[in-house]
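**Student:** Chains as they are written, first to last, in numbering that gives the first Met the number 0: chain G, 0 to 489; chain X, 0 to 407.
Keep in mind the hints are simulated off the structure, nothing from the lab.
Given the structure is predicted, the values throughout are model-derived calculations rather than measurements.
Keep in mind that a hint or two might mislead.
Among the chain G residues that face chain X by a calculated CB cut under 7 Å, a handful are [unchecked claim]:
| # | residue |
| --- | --- |
| 1 | Tyr61 |
| 2 | Tyr97 |
| 3 | Ile103 |
| 4 | Val235 |
| 5 | Thr259 |
Stretch by stretch, here's where chain G covers chain X in the computed footprint (C-beta under 8 Å, at least three residues) [to be verified]:
| # | region |
| --- | --- |
| 6 | 41-49 |
| 7 | 172-184 |
| 8 | 215-226 |
| 9 | 246-253 |
| 10 | 303-315 |
Even glycine gets a Cβ: it sits at the ideal position worked out from N, Cα and C.
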Amino acid sequence: MLKTIVTREFLDNILNLRFMIGLLLCLIVTVACIIILSHDYRQELADYSLRVNLQEEFLGKYALAGWVGQLIPGQKPPERFRPLIIGIPTNESQDSFYDNPLPILFPSLDFLFIVTIIMSLLAILFSYDAITGERQSGTLRLVIANSVSRTTILLGKFIGGTASLIIPFILAILVGVLYINLNPNIQWDGSAWAELALLTAASITFITSFYLLGLMVSTFSTHSAISILNCLFLWVFLVLVIPNVGPYVSAQLRRIPSITATARRAEELSRACRETWHQRREELVEQFRGKYGGLFSKLEALDFGLILYDDRGDAEKVQELAAADPQFKAMVDDFRGEVNRIGREWQQASSQAEDELWTDLRTKAAAQTRLAKNLAGISPLADYVYVARDLTGTGLRSLKYFEEFKGKYRRRFGEYKAKVTAAVVAAHKNEPSPPGGWFLDLRDHPRFVFQEESLKGKLGAALPYWGILGLFNVVFFAAAFAKFMRYDVR
Amino acid sequence: MLGTLIRKEMLLNLLSFKFSIITVLSTILILVSIFIMYRDYGLALENYEILASESAAAVIPPTPLSIFAKGLEENLCRAHVLGFGQRISASSKQQSVNDLFKVFTVPDLLYIIKVILSLCAMLFAFDMVSGEKEAGTLRQSLSGSLGRPILIAGKWIGGFVSFILPFFLAVLLGTIFVTSLPMVQMNTQDWAKLGLFLLSSVIYLAVFFSLGLLISCLTHRSSTSLVLSLFVWAILVFLIPNLGNILARQFVEVPTVQQLELRRRQIAISAWQEVNRLQLVRERMARLERSRSEQDQVTEDYRNRFDRLVTLSQSITRVSPTAAFTFLATDLMGTGMLEEGRLKNAVVKYMFGAGDEEGRDRPRFSYQRTSWREVLGRGGLNNLLILVLFNILIFSGAYVAFLRYDAR
Numbered sequence: 000m001l002k003t004i005v006t007r008e009f010l011d012n013i014l015n016l017r018f019m020i021g022l023l024l025c026l027i028v029t030v031a032c033i034i035i036l037s038h039d040y041r042q043e044l045a046d047y048s049l050r051v052n053l054q055e056e057f058l059g060k061y062a063l064a065g066w067v068g069q070l071i072p073g074q075k076p077p078e079r080f081r082p083l084i085i086g087i088p089t090n091e092s093q094d095s096f097y098d099n100p101l102p103i104l105f106p107s108l109d110f111l112f113i114v115t116i117i118m119s120l121l122a123i124l125f126s127y128d129a130i131t132g133e134r135q136s137g138t139l140r141l142v143i144a145n146s147v148s149r150t151t152i153l154l155g156k157f158i159g160g161t162a163s164l165i166i167p168f169i170l171a172i173l174v175g176v177l178y179i180n181l182n183p184n185i186q187w188d189g190s191a192w193a194e195l196a197l198l199t200a201a202s203i204t205f206i207t208s209f210y211l212l213g214l215m216v217s218t219f220s221t222h223s224a225i226s227i228l229n230c231l232f233l234w235v236f237l238v239l240v241i242p243n244v245g246p247y248v249s250a251q252l253r254r255i256p257s258i259t260a261t262a263r264r265a266e267e268l269s270r271a272c273r274e275t276w277h278q279r280r281e282e283l284v285e286q287f288r289g290k291y292g293g294l295f296s297k298l299e300a301l302d303f304g305l306i307l308y309d310d311r312g313d314a315e316k317v318q319e320l321a322a323a324d325p326q327f328k329a330m331v332d333d334f335r336g337e338v339n340r341i342g343r344e345w346q347q348a349s350s351q352a353e354d355e356l357w358t359d360l361r362t363k364a365a366a367q368t369r370l371a372k373n374l375a376g377i378s379p380l381a382d383y384v385y386v387a388r389d390l391t392g393t394g395l396r397s398l399k400y401f402e403e404f405k406g407k408y409r410r411r412f413g414e415y416k417a418k419v420t421a422a423v424v425a426a427h428k429n430e431p432s433p434p435g436g437w438f439l440d441l442r443d444h445p446r447f448v449f450q451e452e453s454l455k456g457k458l459g460a461a462l463p464y465w466g467i468l469g470l471f472n473v474v475f476f477a478a479a480f481a482k483f484m485r486y487d488v489r
Numbered sequence: 000m001l002g003t004l005i006r007k008e009m010l011l012n013l014l015s016f017k018f019s020i021i022t023v024l025s026t027i028l029i030l031v032s033i034f035i036m037y038r039d040y041g042l043a044l045e046n047y048e049i050l051a052s053e054s055a056a057a058v059i060p061p062t063p064l065s066i067f068a069k070g071l072e073e074n075l076c077r078a079h080v081l082g083f084g085q086r087i088s089a090s091s092k093q094q095s096v097n098d099l100f101k102v103f104t105v106p107d108l109l110y111i112i113k114v115i116l117s118l119c120a121m122l123f124a125f126d127m128v129s130g131e132k133e134a135g136t137l138r139q140s141l142s143g144s145l146g147r148p149i150l151i152a153g154k155w156i157g158g159f160v161s162f163i164l165p166f167f168l169a170v171l172l173g174t175i176f177v178t179s180l181p182m183v184q185m186n187t188q189d190w191a192k193l194g195l196f197l198l199s200s201v202i203y204l205a206v207f208f209s210l211g212l213l214i215s216c217l218t219h220r221s222s223t224s225l226v227l228s229l230f231v232w233a234i235l236v237f238l239i240p241n242l243g244n245i246l247a248r249q250f251v252e253v254p255t256v257q258q259l260e261l262r263r264r265q266i267a268i269s270a271w272q273e274v275n276r277l278q279l280v281r282e283r284m285a286r287l288e289r290s291r292s293e294q295d296q297v298t299e300d301y302r303n304r305f306d307r308l309v310t311l312s313q314s315i316t317r318v319s320p321t322a323a324f325t326f327l328a329t330d331l332m333g334t335g336m337l338e339e340g341r342l343k344n345a346v347v348k349y350m351f352g353a354g355d356e357e358g359r360d361r362p363r364f365s366y367q368r369t370s371w372r373e374v375l376g377r378g379g380l381n382n383l384l385i386l387v388l389f390n391i392l393i394f395s396g397a398y399v400a401f402l403r404y405d406a407r
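Could you build the full structure based on these sequences and the hints that come with them?
**Tutor:** Shown next, in the form of structure tokens:
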């Protein structure tokens, strides 16, 4: 009997106007979107290659030891899922004076948009009258009058309805996959195809949650007109309101200082440390005056011979005096040792205070982001976005992963540069260094080749949110089931 | 007769479940949005006070109108300073610490009007004709001496007034609340801009209301009308504006910002390395000047391409009333593309104008946001006219469809 109900529901849906509109919309939008984004991807790949080549060429010409720090390679390649999903912009591109502000006014159209807006709306349109429509037309009571259980009816409606809803979506994905496969610019390996399969499965979980939401609302209503209004009301809240309000509410609940305020505070701390250092130096001078008396006055008369101040003092004269008088030398060594010690202490205290400040900001920001993520997670849309972005390497996690990867590369590059610099300095042992430092031959420097995170790692991050999506399905179905058991079909 | 029809339509709507649910939805959303964005404005003000204390930075205060339409406000309120190699750099955005802001949209009044209330407008109108036909009341109304033009006009006026009233009350309540707070200081210009924003919102919502009516006049069942309305809404509100932006990029190739910054940095580094090798001050100055002009050339090429992209993108997306409304509203509120371009020009002029290389003797940066007259003169009026045109066209379509409508 279940099979009959599923077939009937399926046929009923695919002969309906909404199926035709849904199919056309899905196919046209998905295919258009993939074609345009693939073109974008090709442009970004060309831009990326150009940037890498520019940097290599430049490194060959201008790698002076003093400037190499600004020339370290590490360009971010376009995400391999770029033909489907537009990644999150990096701070580097957003904080430029010449950035492109248009995407702020109109967020771009991609696969995530198709699933979260079009498919969720379509899912609700497919299910809002699944129960109320049949009740109004009188067919529900006829079916119930036979020996069909309510559980079978509900299950049949869910399976048949979902199948008819998923068809346009799968068809659109298949056409997209064919295009990606035939496009010579897009080279996907096994893991990328596995990610696409998982993305499709996650999208189906998301779409069924909205189908079940519509089914649930339908069992709670007696008229289709009321059911659709309630459905759209919930849709607006779950899709358009909660995810967007989440970050702003979290920003109010867990307030954190801005980057500018933190930078200002760090400057103040550094200044305070420097003042303490100056004071400690004066105390040290007083201490040495008392300890060495006239001997120390000689050093004072020479402006401490570049020991206390970087920009003044007669170092050569101090050296001469130290060579002639061992007592003076012992005092100078003692003084230099003390000055260096308080200098190190000052630098340590200053960098520790600054580190603490920035770590505190990062911890607070992480807590705020976590709260925002959880608040937005009340909506299936946010959970789906986290799953899809984490799986395809186009989300916040992938940005963090890229930064860590780049950091590791920079350390490797730094070690390599130190080795080359040491060799060059040894070769020019007796020559003064030119402005900007010696030219470094970095032709065989380690190349920056970005490697995607493993599928296991991505899946591990996505699974909790996928679980929540599954939970939404269970809750909506359970509520629909409980209500339908007591539904008045007359 | 028209008065009776309007009254009937309004009463019908006021007593419907649809009216209650939409009123509750829009009131909650508008008030929550205004409150959230007011707190966000407070954070922006705090940020501005810190940034403004740096005398060398070019920074402008946030506008209280960003509470209603945030647009590009975060970009506009960054501090701009002149750095290495004559490069203007912008400070981090206010919300750049929490990355989740990049994933979701700003829930300001503009978003609520352009997305949620436009949907509500269509939901109000989708069954105005087809619903009455199904209930059988349409043929009864038309069997009398009532003309179809009066009937459709009555339906439009009565329906739209009953839809727009709760919206206006909620906005009024939110505005009174916000402007009564000491942190928000609005001048006459701001009030005029807010008034124009609300007027354009009403015109924009009327477009969607007329569209719902048109679809209702083209269909004979309200369920068909509803499905069509929702799809047309999704296409106009989401699809065209978002697609138009990426479609424009297919025609105008613009290098990425990373490429531009890389090129500029490389020009500066190569110049400085060469300068270090030169002995004469005159030669050094000449080399630095050449580097600056090379950088300017790269930047100018980028800006020209970017301006072409923006113009094309605006032309494509204006096919949708949502895009025209977004451009108009953000420009009016001083948080749009017009203001962004104007501010960037002012910053460049300021940085390379008065004062020496290090920024000494440079007066404080002062900037006046665009007045409402200037906004209307520089494209705003075109956007407004597009919205009015959409209204006339769609209502005419609905009128013609209703004249030929089979009421049986």
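**Student:** For this structure, which hints from the list above don't hold up?
**Tutor:** 7
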